Amino acid sequence: MLPNLETIGRWLVFLGIGIIILGGILYLLGRFAGWEKFPGTLRFQNGNLTCIVPILGSILLSILFTIILNLIARGLNR
Numbered sequence: 027m028l029p030n031l032e033t034i035g036r037w038l039v040f041l042g043i044g045i046i047i048l049g050g051i052l053y054l055l056g057r058f059a060g061w062e063k064f065p066g067t068l069r070f071q072n073g074n075l076t077c078i079v080p081i082l083g084s085i086l087l088s089i090l091f092t093i094i095l096n097l098i099a100r101g102l103n104r
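Per the numbering used here, residue 27 is the first one in the sequence shown, and the count goes up by one each step.
One or more hints might be untrue.
Have a look at the derived ranges for each label pair, beta carbon to beta carbon [claimed, not checked]:
| id | residue 1 | residue 2 | range |
| --- | --- | --- | --- |
| 1 | G44 | I89 | 32 to 40 Å |
| 2 | G101 | E32 | 15 to 23 Å |
| 3 | N103 | V39 | 18 to 26 Å |
Straight-line alpha carbon distances no greater than 25 Å define the calculated SDA-like cross-link-like pairs of lysine to any residue that follow [unchecked claim]:
| id | residue 1 | residue 2 |
| --- | --- | --- |
| 4 | K63 | L31 |
| 5 | K63 | L75 |
| 6 | K63 | I34 |
| 7 | K63 | G73 |
| 8 | K63 | L48 |
| 9 | K63 | I43 |
| 10 | K63 | L97 |
| 11 | K63 | L87 |
| 12 | K63 | G42 |
No lab work stands behind these hints, which were simulated from the structure alone. Predicted model only: the values in this text are computed from it and were never measured. The C-beta atom is built at its ideal place from N, Cα and C for all residues, glycine as well.
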């Protein structure tokens with residue numbers, strides 16, 4: 027049996043819109059609030075090399091994405 031192509035198309039559109047929204051949010055965050063100024067960010071500088079490790083920011087994004095994905099999964103199981 028073939029899957030319902032209309033449903034697959036609808037989910038791909040929603041996924042695309044979600045990726046665009048996420049990209050816009052990340053773009054604005056990067057433009058207005060750089061990772062360098064965020065608390066919990068490690069910055070290593072050696073000559074011309076600068077390495078920025080946003081530990082706290084990564085943890086917060088991970089928690090946020092986990093919550094969002096859990097809400098989506100619960101919505102799909104209804």
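Holds or violated: K63 to I34, with C-alpha atoms at most 25 Å apart: violated, 41 Å
Range hint compliance [Cβ, N103 to V39, 18 to 26 Å]: holds, 21 Å
Hint consistency between K63 and L87 [alpha-carbon to alpha-carbon, up to 25 Å]: With a Cα-Cα distance of about 16 Å, the restraint between K63 and L87 holds, given a limit of 25 Å.
Pair hint outcome, K63 versus L31 [Cα-Cα no greater than 25 Å]: Not satisfied, since the Cα-Cα distance of roughly 46 Å exceeds 25 Å.
CB-CB spacing for I89 and G44 relative to the 32 to 40 Å hint: violated, 18 Å
Given hint G73 paired with K63 - CA-CA distance at most 25 Å: holds, 20 Å
Hinted pair K63 and L75, Cα distance within 25 Å: holds, 18 Å
Restraint status (C-alpha distance of K63 to I43 at most 25 Å): violated, 30 Å
Agreement of K63 and L97 with the hint, judged by alpha carbon distance not exceeding 25 Å: violated, 30 Å
Pair hint outcome, K63 versus L48 [Cα-Cα no greater than 25 Å]: holds, 21 Å
Distance restraint evaluation - G101, E32, Cβ atoms, bounds 15 to 23 Å: This hint holds: roughly 19 Å between Cβ atoms.
Given pair status - G42, K63, alpha carbons within 25 Å: It is violated: about 31 Å lies between the C-alpha atoms, which goes past 25 Å.
In the structure shown, a violation is registered for the earlier hints numbered 1, 4, 6, 9, 10, 12, in ascending order.
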